[in-house]
Amino acid sequence: MAEMIPVKERMKQEEIPMREQLPADRIHNFNEVPLGYTKAEAIKEAQRCLQCKKPTCMNGCPAEINIPKFIKYIVEEDFKSAYLTILETDALPAVTGRVCPQEEQCQKECVLNKKGKPIAIGRLERFVADWARENDIHGEKGDIQKRNLAVAVVGSGPAGLTCAADLAKMGYNVTLFEALHKPGGVLVYGIPEFRLPKEIVEYEVKEIEKNGVKVVTDFVVGATGSVEDLKNDFDAIFLANGAGAPRFMNIPGENMNDVYSANEFLTRSNLMKAYLFPEYDTPIRIGRKAATIGAGNVAMDSARTALRLGAEKSYIIYRRSRKEVPARAEEVHHAEEEGIVFNFLTLPVRVLGNKEGKVTGIECIKMELGEPDDSGRRRPVPIEGSNFVIEVDMVIDAIGTMANPIISNSARGVEVNKWGYFKIDEETMMTTCEGIFAGGDIVRGAATVISAVGDGKIAARAIDEYLLSGKSLRKNK
Amino acid sequence: MFQITKKEMLYQDIYAMWVKAPEVAKSVQPGQFIILMTRENGERIPLTVADYNRKDGLIYIVFQVVGKTTDELSKFKEGDYLFSFIGPLGKKSEIDNFGTVVLVGGGTGIACIHPIARNLKEAGNRVITIIGARTKQLIIMEKELKKVSDELIVTTDDGSYGRKGFVTEALKEKLDNDKAIKKVWTIGPPIMMKVTCALTKSYPVDTIVSLNTIMVDGTGMCGSCRVSIGGETKFVCTDGPEFDGQLVDWDGFMNRISRYKNEEGKSWNHYKEQKTCHCKGGER
Numbered sequence: 001m002a003e004m005i006p007v008k009e010r011m012k013q014e015e016i017p018m019r020e021q022l023p024a025d026r027i028h029n030f031n032e033v034p035l036g037y038t039k040a041e042a043i044k045e046a047q048r049c050l051q052c053k054k055p056t057c058m059n060g061c062p063a064e065i066n067i068p069k070f071i072k073y074i075v076e077e078d079f080k081s082a083y084l085t086i087l088e089t090d091a092l093p094a095v096t097g098r099v100c101p102q103e104e105q106c107q108k109e110c111v112l113n114k115k116g117k118p119i120a121i122g123r124l125e126r127f128v129a130d131w132a133r134e135n136d137i138h139g140e141k142g143d144i145q146k147r148n149l150a151v152a153v154v155g156s157g158p159a160g161l162t163c164a165a166d167l168a169k170m171g172y173n174v175t176l177f178e179a180l181h182k183p184g185g186v187l188v189y190g191i192p193e194f195r196l197p198k199e200i201v202e203y204e205v206k207e208i209e210k211n212g213v214k215v216v217t218d219f220v221v222g223a224t225g226s227v228e229d230l231k232n233d234f235d236a237i238f239l240a241n242g243a244g245a246p247r248f249m250n251i252p253g254e255n256m257n258d259v260y261s262a263n264e265f266l267t268r269s270n271l272m273k274a275y276l277f278p279e280y281d282t283p284i285r286i287g288r289k290a291a292t293i294g295a296g297n298v299a300m301d302s303a304r305t306a307l308r309l310g311a312e313k314s315y316i317i318y319r320r321s322r323k324e325v326p327a328r329a330e331e332v333h334h335a336e337e338e339g340i341v342f343n344f345l346t347l348p349v350r351v352l353g354n355k356e357g358k359v360t361g362i363e364c365i366k367m368e369l370g371e372p373d374d375s376g377r378r379r380p381v382p383i384e385g386s387n388f389v390i391e392v393d394m395v396i397d398a399i400g401t402m403a404n405p406i407i408s409n410s411a412r413g414v415e416v417n418k419w420g421y422f423k424i425d426e427e428t429m430m431t432t433c434e435g436i437f438a439g440g441d442i443v444r445g446a447a448t449v450i451s452a453v454g455d456g457k458i459a460a461r462a463i464d465e466y467l468l469s470g471k472s473l474r475k476n477k
Numbered sequence: 478m479f480q481i482t483k484k485e486m487l488y489q490d491i492y493a494m495w496v497k498a499p500e501v502a503k504s505v506q507p508g509q510f511i512i513l514m515t516r517e518n519g520e521r522i523p524l525t526v527a528d529y530n531r532k533d534g535l536i537y538i539v540f541q542v543v544g545k546t547t548d549e550l551s552k553f554k555e556g557d558y559l560f561s562f563i564g565p566l567g568k569k570s571e572i573d574n575f576g577t578v579v580l581v582g583g584g585t586g587i588a589c590i591h592p593i594a595r596n597l598k599e600a601g602n603r604v605i606t607i608i609g610a611r612t613k614q615l616i617i618m619e620k621e622l623k624k625v626s627d628e629l630i631v632t633t634d635d636g637s638y639g640r641k642g643f644v645t646e647a648l649k650e651k652l653d654n655d656k657a658i659k660k661v662w663t664i665g666p667p668i669m670m671k672v673t674c675a676l677t678k679s680y681p682v683d684t685i686v687s688l689n690t691i692m693v694d695g696t697g698m699c700g701s702c703r704v705s706i707g708g709e710t711k712f713v714c715t716d717g718p719e720f721d722g723q724l725v726d727w728d729g730f731m732n733r734i735s736r737y738k739n740e741e742g743k744s745w746n747h748y749k750e751q752k753t754c755h756c757k758g759g760e761r
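Chains A and B, in that order, are what the protein sequence lines are. According to the working numbering, the first sequence holds residues 1 to 477 in order. According to the working numbering, the second sequence holds residues 478 to 761 in order.
I should point out that these hints are in silico values taken from the structure, not numbers from a laboratory. Misleading hints may appear alongside valid ones.
[Unchecked claim] Calculated pairs, DSS-like style, for lysine-lysine (alpha carbon to alpha carbon, straight line, at most 25 Å): (1) A:LYS72 x A:LYS146; (2) A:LYS355 x B:LYS743; (3) B:LYS569 x A:LYS273; (4) B:LYS623 x B:LYS598; (5) B:LYS503 x A:LYS214; (6) A:LYS39 x A:LYS117; (7) B:LYS738 x A:LYS358; (8) B:LYS552 x B:LYS497; (9) A:LYS141 x A:LYS108; (10) B:LYS743 x A:LYS358; (11) B:LYS671 x A:LYS358; (12) B:LYS568 x B:LYS552; (13) B:LYS738 x B:LYS671; (14) B:LYS738 x A:LYS355; (15) A:LYS289 x B:LYS552; (16) B:LYS613 x B:LYS569; (17) B:LYS568 x A:LYS418; (18) B:LYS552 x B:LYS484; (19) A:LYS273 x B:LYS738; (20) A:LYS53 x A:LYS72; (21) B:LYS660 x B:LYS624; (22) A:LYS355 x B:LYS749; (23) B:LYS678 x B:LYS660; (24) A:LYS273 x B:LYS749; (25) B:LYS738 x A:LYS289; (26) B:LYS613 x B:LYS623; (27) A:LYS273 x B:LYS743; (28) B:LYS569 x A:LYS355; (29) B:LYS711 x B:LYS678; (30) B:LYS532 x B:LYS554; (31) B:LYS678 x B:LYS656; (32) B:LYS711 x A:LYS358; (33) A:LYS418 x B:LYS711; (34) B:LYS497 x A:LYS214; (35) A:LYS108 x A:LYS8.
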């Protein structure tokens, strides 16, 4: 067992970096980029934790993980207890350990920030989850008192999975509806293999199923059955269908064949595994020079996927400056390492094509920053006459998503705001229809996996409270 | 998993199947479509619903072998299971009592007009159905359509059955002679729909087409199916599949459905090379 080292010593220890695939190698494969900690590395990093009496890190964790406790177990080399500690509140540890923006969450709150680098909480979480999976260690099913009440969870992304897992632990009969043929939502169709291996998502979904959650795929709520139909069979409903509709720029040439929404490009590659075409049947366009519009995490994922599919040049085109880039710093760093070319303060105005309808370039205009806009960021303003053309043969729109109305159209009494997102009570996540709750991107607009996880947890508790008070959608009918 | 309860070969490379999908059958309406996958590493293909049986939870699909997935699908036998089958997707046809309506079907589009014709008939319309194909054997579902039509006209390009000529010629005659016609549905190969719309443009009738584009999810998530309708970008999967034919940007639509021509060829060749092992897909 490793030893706890004196506090003063701990402060002096350097943060343990995580090994990564070299950029020159990884741009030719879809394998994961960071390679994870070894046991020794994890222990060494865990030893840096001050084990604060009043830990602040936990304030930054919507998954409510007891962070100091699981880190202490790592120091003690009791990885199983570390895993069970995380699993108490987070049903997707290998996922959140990889894709959470820890620098904005738990690690931001770590007291070590004052003196140097915070504890690498995400990396440690990932280590523990990977260790458990590799060593066939599973969560323990405690004595669950079954409650004879049924909850429908719509959408199997991070919000839905978390809510379903928590409700199943409370003893409810939970059915999780997924429109696609595989559960996981954005974790399987959106985030690429090189950031989140699909095998890991599958594994954690299976673990949730083992706890009693019934997963129904191929069921489009709003088409196969309506929310009204669900009210006949369920006592409460949680809507977590994500903000799945793509935005386009509405510029000329955008309907040409080699112009993709990031949703389509990533779904083809990730969910349908088009990068393995023709072993897998779904094709994808492989551009020689690809332009991705936007600079969020989805844009980074798209530009880096284009590179791995075989593009010689992969550009990011963003209308604001580097300072306003919404993607996680780590993603931008990885993209730059891989040779993605960033064009800041650049706005596409037209997609150019030849007679056969093939994309030949994208005409852009240079921008400068003006007065702050509603978002508080300086508004980019076009510089007249600065038009120029970037030669590309494919374009990916990654400028964001919006609400898909397929569910709200089928739910009576559930109000949406002007953007089509469900209106909710912030404390309970309940919509304007009693007994129907909502969370994740269909409430917030495109946000992070961890905020969706947080919503799932809050909703599960609120649903429990609602049902404990004797209310039920079925009874109300 | 979704079981194929009945399969028939309508002609050479045209097949029909009844698939057990009770949830889909419960809510399906005329004009809607489904998306299916043959196996886990297959692709998702949309097919318009040709009929349904709510009581037994069955959906009827008709397809022509045009590539790898449809060929593989044609090898599935009664009792086999499809990996994925989702729906009903898209908006339903606008069914009302319009008076006199004409339904024009070509190729496998003939199958697609069937549930629309039946519902229009039930709504009290006088239903004239015109179906056409290259040759006699390609005329499908004639019997079923006869049942739900007040008048059925069959055309073949080679004159081997019914009238010799194209569906548009028969339609033109009807439009010229029957001023009561209010609405025309035309479903079939893109070029047939385009030509039909060009014809009906000069008559005081609404023309509805059903577009079959390349899709991935089919629920409004990816935008693969987008097409310009009256200058506005629409998604066939959620805004359609039926649109006012006069507003469709036909060239743009036809360009987009040929997006993966090269890749489709590649996939087809790869499949033929590996056929010995892939065939088992249909025999699970």
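Each hint, compared with the structure:
Proximity of A:LYS72 to A:LYS146 is assessed by CA-CA distance (about 33 Å); at most 25 Å being required, the pair is judged violated. Simply put, A:LYS355 and B:LYS743 have alpha-carbon atoms about 24 Å apart, close enough for the 25 Å limit, and the pair holds. Restraint check for B:LYS569 and A:LYS273: the C-alpha separation of about 31 Å exceeds 25 Å, so the hint is violated. As the CA atoms of B:LYS623 and B:LYS598 are separated by approximately 11 Å, the hinted pair is consistent with the 25 Å bound.
Taking the CA atoms of B:LYS503 and A:LYS214, the gap is near 21 Å; set against the 25 Å cutoff, the hint holds. The hinted pair formed by A:LYS39 and A:LYS117 meets the criterion: a straight-line CA distance of about 20 Å does not exceed 25 Å. A threshold of 25 Å between alpha carbons decides the hint, and for B:LYS738 with A:LYS358 the separation of about 13 Å falls inside it, so the pair holds. This hinted pair checks out: B:LYS552 and B:LYS497 have alpha carbons roughly 17 Å apart, not beyond 25 Å.
At most 25 Å may separate the alpha-carbon atoms for a hinted pair to count; A:LYS141 and A:LYS108 exceed this at roughly 33 Å. The hinted pair formed by B:LYS743 and A:LYS358 meets the criterion: a straight-line CA distance of about 19 Å does not exceed 25 Å. Pair hint B:LYS671 plus A:LYS358 holds up; C-alpha atoms about 23 Å apart against a cutoff of 25 Å. The suggested pairing of B:LYS568 with B:LYS552 is violated, with an alpha-carbon distance near 30 Å, which exceeds 25 Å.
Using a Cα cut-off of 25 Å, the hinted pair B:LYS738 and B:LYS671 holds, with the two alpha carbons roughly 21 Å apart. Taking the CA atoms of B:LYS738 and A:LYS355, the gap is about 17 Å. The hint holds against a cut of 25 Å. For the hint pairing A:LYS289 with B:LYS552, the CA-to-CA distance comes to about 40 Å; that exceeds 25 Å, so the pair is violated. For the hint linking B:LYS613 to B:LYS569, the alpha-carbon distance of about 31 Å lies beyond 25 Å, and the restraint is violated.
Straight-line distance between C-alpha atoms of B:LYS568 and A:LYS418 comes to about 23 Å, which keeps the hinted pair within the 25 Å bound. Of the pairs offered as hints, the one joining B:LYS552 and B:LYS484 holds, with about 10 Å between alpha carbons and a cut-off of 25 Å not exceeded. Of the supplied pair hints, the one linking A:LYS273 and B:LYS738 holds, its CA atoms being roughly 19 Å apart against a limit of 25 Å. Annotation: proposed proximity of A:LYS53 to A:LYS72 holds, straight-line Cα distance about 13 Å (limit 25 Å).
Our distance criterion of 25 Å between C-alpha atoms is met by B:LYS660 and B:LYS624, whose separation comes to about 20 Å. Between A:LYS355 and B:LYS749 the CA atoms are separated by roughly 33 Å; this puts the pair beyond 25 Å, and the hint is violated. Restraint check for B:LYS678 and B:LYS660: satisfied, since their Cα atoms lie roughly 12 Å apart, inside the 25 Å limit. With a C-alpha separation of about 21 Å, the suggested pair A:LYS273 and B:LYS749 falls inside the 25 Å cut-off, and the hint holds.
The suggested pairing of B:LYS738 with A:LYS289 holds, with an alpha-carbon distance near 20 Å, which does not exceed 25 Å. The suggested pairing of B:LYS613 with B:LYS623 holds, with an alpha-carbon distance near 16 Å, which does not exceed 25 Å. Annotation: proposed proximity of A:LYS273 to B:LYS743 holds, straight-line Cα distance about 16 Å (limit 25 Å). Note on B:LYS569 and A:LYS355: the hinted pairing is violated, with a Cα-Cα distance of about 36 Å set against a maximum of 25 Å.
Taking the CA atoms of B:LYS711 and B:LYS678, the gap is about 22 Å. The hint holds against a cut of 25 Å. A C-alpha spacing of about 23 Å is found between B:LYS532 and B:LYS554, which places the hinted pair at or below 25 Å, so the restraint holds. For the hint pairing B:LYS678 with B:LYS656, the CA-to-CA distance comes to about 15 Å; that is within 25 Å, so the pair holds. Note on B:LYS711 and A:LYS358: the hinted pairing holds, with a Cα-Cα distance of about 21 Å set against a maximum of 25 Å.
Our distance criterion of 25 Å between C-alpha atoms is met by A:LYS418 and B:LYS711, whose separation comes to about 20 Å. For a cut-off of 25 Å, the pair hint linking B:LYS497 to A:LYS214 stands: about 21 Å separates their Cα positions. Restraint check for A:LYS108 and A:LYS8: satisfied, since their Cα atoms lie roughly 21 Å apart, inside the 25 Å limit.
Of the numbered hints given earlier, the model fails hints 1, 3, 9, 12, 15, 16, 22 and 28; all others are met.
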